[in-house]
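Number of protein chains: 2
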Amino acid sequence: MKAVIITIGDEILIGQITDTNSGYIAKSLDKIGIEVFEMLSIADDKQAILNAFDRCQNQVDLVLITGGLGPTKDDITKKTFCNYFDDELVMNKSVLAHVTKLIEQHYKRPISQINKEQGLVPSKATVLHNDLGTAPGMWMQKENTVFISLPGVPYEMKYIMESAVLPKLISEFDRPFIIHKTILTYGVGESLLAEKIENWENNLPNFIKLAYLPNPGRVRLRLSARGKNKMILEEAINDNIASLSEILGDIIAGYDDTETLEFVLGKLLTERGKTLATAESCTGGKIAQVITSIPGSSKYFDGSIVCYQEKIKVAVVGVQKATIEKHSVVSAEVAKEMAIGVQKIMKSDYAISVTGNAGPTTDKTDKEVGVVFIAISGPEGVIAQEFNFGQPREKVIDRAVNKSLEMLRSMILKKG
Amino acid sequence: MKAVIITIGDEILIGQITDTNSGYIAKSLDKIGIEVFEMLSIADDKQAILNAFDRCQNQVDLVLITGGLGPTKDDITKKTFCNYFDDELVMNKSVLAHVTKLIEQHYKRPISQINKEQGLVPSKATVLHNDLGTAPGMWMQKENTVFISLPGVPYEMKYIMESAVLPKLISEFDRPFIIHKTILTYGVGESLLAEKIENWENNLPNFIKLAYLPNPGRVRLRLSARGKNKMILEEAINDNIASLSEILGDIIAGYDDTETLEFVLGKLLTERGKTLATAESCTGGKIAQVITSIPGSSKYFDGSIVCYQEKIKVAVVGVQKATIEKHSVVSAEVAKEMAIGVQKIMKSDYAISVTGNAGPTTDKTDKEVGVVFIAISGPEGVIAQEFNFGQPREKVIDRAVNKSLEMLRSMILKKG
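As they're listed, the protein sequences go chains A and B.
Position 211 of the first sequence, counting from 1, maps to 210 under numbering that gives the first Met the number 0, and the rest follow consecutively.
Position 117 of the second sequence, counting from 1, maps to 116 under numbering that gives the first Met the number 0, and the rest follow consecutively.
Among the hints, a few may not be true.
Same chains, same label: a pair holds when it works inside one copy or across any pair of copies.
As the list claims (entries may be wrong) - Simulated crosslink set (BS3-like; lysine-lysine; CA at most 27 Å straight-line):
1) 72 / 115
2) 310 / 298
3) 343 / 310
4) 273 / 298
5) 325 / 141
6) 26 / 229
7) 394 / 30
8) 167 / 141
9) 394 / 298
Worth flagging that the hints you see were computed from the coordinates, not collected in a lab.
Make a model of the complete structure from these sequences and hints.
Laid out in structure tokens, this is it:
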């Protein structure tokens with residue numbers, strides 16, 4: 000079963016917004032065994048939409064479309080649907096009632112003419128209820144292809160996917176099994192990794208595919224198996240993961256795609272009943288933000304002091320002025336005092352600190368752009384390490400965040 | 000002049016990574032007057048790549064491809080290029096020398112066979128130097144269409160775009176003018192906004208297009224003009240922006256796409272020589288992270304205390320235990336004490352604080368998921384406001400971040 004995902008919107012084609020809907024939809028379809036054959040972004044243009052529909056018609060089983068359902072003049076998806084399906088818009092009473100309720104509840108005002116028109120849907124469409132917004136989803140079919148239209152607002156699209164689209168797809172279509180397993184590795188580059196596992200890779204059965212997904216400081220190895228017999232797939236994947244694990248040893252940090260480093264760390268801290276605090280200079284709160292992106296992080300995360308200024312490092316975190324004067328504010332010594340300081344203030348078991356130059360300029364420090372010191376303080380002492388993460392700013396920050404979590408993980412594991 | 004952007008990679012089609020390259024490339028091309036006609040994501044599959052190339056051939060002037068250039072077996076773009084252009088791979092000495100240097104400098108080891116092969120490029124390709132990585136870019140032409148292949152690693156792709164692709168496109172092609180202007184509005188929803196400006200919208204000349212770009216709590220209005228005469232375009236855009244500004248009045252927060260709220264705030268604080276600190280509970284450091292994403296923010300941002308735990312709110316930020324007991328930790332009173340507390344600790348002119356339930360569960364508080372209190376403390380006192388940002392977690396956090404910046408902006412502007 001094959002699908003195409005189409006996102007409609009000029010704002011995507013001029014690069015004003017990044018399309019995150021396609022990725023979410025792809026992931027959801029992949030989980031239920033539907034292969035995404037292509038993702039396509041096109042303009043808010045009737046002819047472009049019709050051409051894309053034509054191209055997909057009878058070539059794939061499923062076309063998922065987001066965008067162009069808003070209340071304003073630049074939103075033309077509904078009208079184009081009518082055109083393609085030789086249909087007309089009719090007022091849907093239950094959609095109209097829902098829109099009226101939403102507007103009255105949230106905006107405390109009567110419904111306007113523009114909002115009323117959101118109750119119009121093509122007469123042949125099955126309406127997919129949108130509890131979180133005013134634009135409903137629509138399900139239509141032409142010959143062998145199902146066309147599903149969803150709003151472009153990510154959380155509304157997600158709501159309709161979960162509550163209506165996926166259940167309906169599962170109940171109405173036969174699908175093969177797809178199994179992915181990902182191994183998260185740290186500290187070894189892509190090409191060295193490839194050499195290490197070359198023999199193993201050459202012996203993979205042909206229904207298993209291997210992909211390398213490199214990120215700053217981490218490489219994920221993804222195995223994908225596709226077929227009709229779930230048991231055979233699972234067995235083959237598990238066998239190959241086991242033999243790969245033996246080859247890779249301790250550079251493995253986790254085994255699942257949801258097992259990001261912050262997730263793995265959360266599990267480690269929760270299991271051990273330990274807590275964490277951070278003191279961040281050049282990462283500007285990003286370590287805290289990554290850690291608190293995990294639901295349940297309040298169990299082990301005490302908090303962070305973002306000390307962007309030298310005076311805050313001294314007055315709030317407790318770094319000695321003399322240390323800064325002697326070693327520079329970007330130094331191992333200051334990183335250590337930051338980690339120990341925040342650990343003491345928050346009464347945490349572990350603390351991470353980062354001080355460095357993310358760029359684009361070096362400000363008043365003596366270190367070049369990209370130089371970062373990370374310190375980790377734990378029950379048995381504090382360590383600090385120097386890095387040069389190069390440029391640009393975003394890469395320096397991301398690598399510092401990843402590296403600091405990796406260092407903390409090592410320290411916790413060494414404690415046993 | 001029309002372009003198609005193609006991203007190659009199974010990891011995109013199964014939703015494992017979000018493609019941010021296409022957006023960046025689109026923005027860069029748009030700036031120099033090249034229209035992106037379509038974005039396409041396809042699998043690491045020879046036939047899929049060849050089909051996409053065939054479809055673009057002589058239909059558009061330019062095809063920009065990212066991905067599939069790594070050193071491992073799943074990277075097949077170079078071989079497929081040879082296939083499509085009836086070419087063969089030859090060792091490029093300067094690429095090989097660069098790869099050797101990079102590996103020796105960064106990894107302190109001799110170059111491996113796998114790395115050596117990165118020096119191979121199709122004989123007909125113009126090599127685009129990649130200073131930041133081992134995979135070079137390639138520029139090839141077939142009849143009326145130029146094909147450019149770039150590595151998938153975002154900062155490497157960006158480097159080659161800036162240093163080689165854009166300059167070469169500008170020097171070798173005639174291009175029309177495209178002008179975009181964006182007005183950033185706050186606090187009025189998309190459909191009310193549409194009603195407010197309906198007459199104005201109906202009177203737009205046909206070479207100017209209007210788009211509504213809604214986000215939680217903010218709507219951007221984008222005007223795009225396209226044509227041959229830059230002066231006429233600029234005059235028409237400026238006239239229409241002026242008349243629109245009159246209609247919208249004080250719900251306008253900025254006039255350019257780069258003028259995000261955090262950027263506008265940075266300008267305001269810098270101009271006035273004022274400083275800012277934040278105390279964050281449910282936003283987990285995201286306000287600090289958004290503020291410090293602006294280069295130069297160290298001038299006005301003192302720092303943040305992320306106080307994820309009740310005990311940290313009391314011990315570090317200085318919230319009274321009695322206040323929490325009397326009013327709940329999610330309350331206007333606690334938000335106010337957090338703002339005043341961090342303002343005092345960091346000796347800042349302004350402070351933002353947030354306390355709320357981002358979900359998915361209410362933890363131990365008495366307020367429902369989505370309830371957030373934001374306080375702003377300034378030279379003339381402190382205010383707090385209650386919101387219900389609904390669900391899910393990511394939306395609650397984003398709306399709280401936006402709303403807090405908006406409230407601070409209002410307070411600063413009222414001071415004059």
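Status of each hint after checking the structure:
In this homomeric assembly, residue 72 and residue 115 come within 27 Å of each other (Cα to Cα) only inside a single copy, at 14 Å, whereas the closest approach across copies is 55 Å. Taking the shortest Cα distances, residue 310 and residue 298 sit within 27 Å of each other only across copies (12 Å), while inside one copy they are farther apart (31 Å). In this assembly of identical chains, residue 343 and residue 310 lie within 27 Å of each other by CA distance both inside one copy and across copies; the values are 18 Å within and 13 Å between. Taking CA atoms no more than 27 Å apart as the test, residue 273 paired with residue 298 passes inside one copy only; the shortest distance there is 9 Å, against 36 Å between copies.
Neither within a single protomer nor between protomers do residue 325 and residue 141 lie at most 27 Å apart by alpha-carbon distance, with minima of 74 Å and 62 Å respectively. Within a single copy, residue 26 and residue 229 get their C-alpha atoms as close as 19 Å, which meets the 27 Å cut-off; across copies the closest is 44 Å, which misses it. Taking CA atoms no more than 27 Å apart as the test, residue 394 paired with residue 30 passes between copies only; the shortest distance there is 24 Å, against 31 Å inside one copy. Within a single copy, residue 167 and residue 141 get their C-alpha atoms as close as 17 Å, which meets the 27 Å cut-off; across copies the closest is 45 Å, which misses it.
For the homomeric pair residue 394 and residue 298, the shortest alpha-carbon distance between copies (22 Å) is at most 27 Å, but the shortest distance inside one copy (29 Å) is not.
Violated hint: 5 only; the structure is consistent with all others.
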